[in-house]
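**Student:** Spelled out, the chains give:
2 protein chains.
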Amino acid sequence: MKKTVITVSREYGSGGRLIAKKLADELGIGYYDGELLSLVAKESGYTEEFVRRNDQKKTQSLLYHLYIGSQILPASDMIFIAQSRVIKDLYNKESCVIVGRCADYVLRGFPDVVNVFVTAPLESRIVRVRDEYGETAEKGDFRSHIMKKDKNRIAYYNYFADDAWGKVQTYDISVNSDIGIEKSADLIAQYIKEKCGE
Amino acid sequence: MKKTVITVSREYGSGGRLIAKKLADELGIGYYDGELLSLVAKESGYTEEFVRRNDQKKTQSLLYHLYIGSQILPASDMIFIAQSRVIKDLYNKESCVIVGRCADYVLRGFPDVVNVFVTAPLESRIVRVRDEYGETAEKGDFRSHIMKKDKNRIAYYNYFADDAWGKVQTYDISVNSDIGIEKSADLIAQYIKEKCGE
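Line by line, the protein sequences are chains A and B. At the far end of the first sequence sits residue 197, using numbering that gives the first Met the number 0, and the numbering has no gaps. At the far end of the second sequence sits residue 197, using numbering that gives the first Met the number 0, and the numbering has no gaps.
Certain hints may be false.
Because identical chains cannot be distinguished in the list, a pair is counted as satisfied if it fits within a single copy or across any two copies.
[Said to hold, decoys possible] Cut-off 20 Å, straight-line C-alpha distance, at most; resulting in silico cross-link-like pairs (EDC-like, lysine to aspartate or glutamate): (1) Lys-41 to Asp-130; (2) Lys-194 to Asp-177; (3) Lys-192 to Glu-181; (4) Lys-182 to Glu-193; (5) Lys-150 to Asp-162; (6) Lys-56 to Glu-131; (7) Lys-166 to Asp-149; (8) Lys-182 to Asp-111; (9) Lys-21 to Glu-193; (10) Lys-2 to Glu-122; (11) Lys-147 to Glu-34; (12) Lys-194 to Glu-93; (13) Lys-21 to Asp-177; (14) Lys-87 to Asp-111; (15) Lys-21 to Asp-161.
Hints were generated in silico from the structure; no laboratory data involved. Fair warning: this is a prediction, and the values are worked out from it, not measured in the lab.
Modelling step: build the complete structure from the supplied sequences, incorporating the hints.
**Tutor:** As structure tokens, then:
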């Protein structure tokens, strides 16, 4: 397969991260999710703990920063810039799978990028988050718990990417993971092999 | 394969219709695109020619109808209602592929429905529309020609479906058809077989 970077975006609880990992294993290429953060820390000079705390967080509104009279860019913005540089460096260096972090936006217009989106019905996501991830939700309300997580993802994307999250045209392939994690990964791998050669 | 209705939505010039046809052939099930219109004519009592003329057209605004003092539903709305009935009848009767016509919306919440979306980059769509479909565009501006067609589709969907067109979560699988018509159809067929059994 020629050098290819695969970005994976996903609804919370869809198993998109598991699919991304399987995809990387199946294609024998690197996998970057939390792994990205130590590279971002190196690039930005922030500590890894600080980067982790601000990971995929939307910056407070511009109004807030004007109000507090800040002269420098807020940490989340600085981290996003460093992260974008890390993503572009990875693109130049190796084939890999990158989960989230607006990577599809950062690499927009670059050749040899395949953008993937993983969806799943809310009911399936509730079961996965509760029974597989073992998470807890306030008052057992997993519906709100999941929707809040999605809302944060959407806010992060809409803030940093100059585009709306989840437009079908952004992605080369999207899959509803209800066919299973393994089968979803297989199908996406097949698409990538068709697109980028064996 | 158990009884399944496959809806295919697509960007103009993406080859979605060709993929839908191949998919129906590959799965050995019915295919409804223009074919739907004679059924709609029968259901509505309008002539087939009249149905064809109003096919997938958005109704004028409510304000316009208030202005002209119309007491009955406009033709496009009547046709949409008849069409929805035809789509639900098909769902009850047979496995088939239905192209466009908000079928994903009409059948929302029904089990045994697979929603497909076909995308393609604008450059590929220009080549297909010009060289394969043999269409002409005003002043040779295929970009505007295609964007106008998409705009009409979006307006039709947004008017009749109580939702925005092209949200990735609406679809079970979406594919960028740049891997080829045949290969896209194969991949989607594979997804459907995984989801609905061989």
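**Student:** Hints first: check each against the structure and report whether it holds.
**Tutor:** For each hint, the structure was consulted:
| no. | hint | in the structure |
| --- | --- | --- |
| 1 | Lys-41 to Asp-130 | neither (36 Å within a copy, 50 Å between copies) |
| 2 | Lys-194 to Asp-177 | between (24 Å within a copy, 8 Å between copies) |
| 3 | Lys-192 to Glu-181 | both (16 Å within a copy, 15 Å between copies) |
| 4 | Lys-182 to Glu-193 | both (16 Å within a copy, 8 Å between copies) |
| 5 | Lys-150 to Asp-162 | both (15 Å within a copy, 18 Å between copies) |
| 6 | Lys-56 to Glu-131 | neither (25 Å within a copy, 46 Å between copies) |
| 7 | Lys-166 to Asp-149 | both (15 Å within a copy, 14 Å between copies) |
| 8 | Lys-182 to Asp-111 | between (24 Å within a copy, 19 Å between copies) |
| 9 | Lys-21 to Glu-193 | both (18 Å within a copy, 18 Å between copies) |
| 10 | Lys-2 to Glu-122 | neither (37 Å within a copy, 23 Å between copies) |
| 11 | Lys-147 to Glu-34 | neither (24 Å within a copy, 44 Å between copies) |
| 12 | Lys-194 to Glu-93 | within (17 Å within a copy, 34 Å between copies) |
| 13 | Lys-21 to Asp-177 | within (16 Å within a copy, 24 Å between copies) |
| 14 | Lys-87 to Asp-111 | within (12 Å within a copy, 42 Å between copies) |
| 15 | Lys-21 to Asp-161 | neither (30 Å within a copy, 36 Å between copies) |
The structure fails hints 1, 6, 10, 11 and 15 (numbered hints given earlier, in ascending order).
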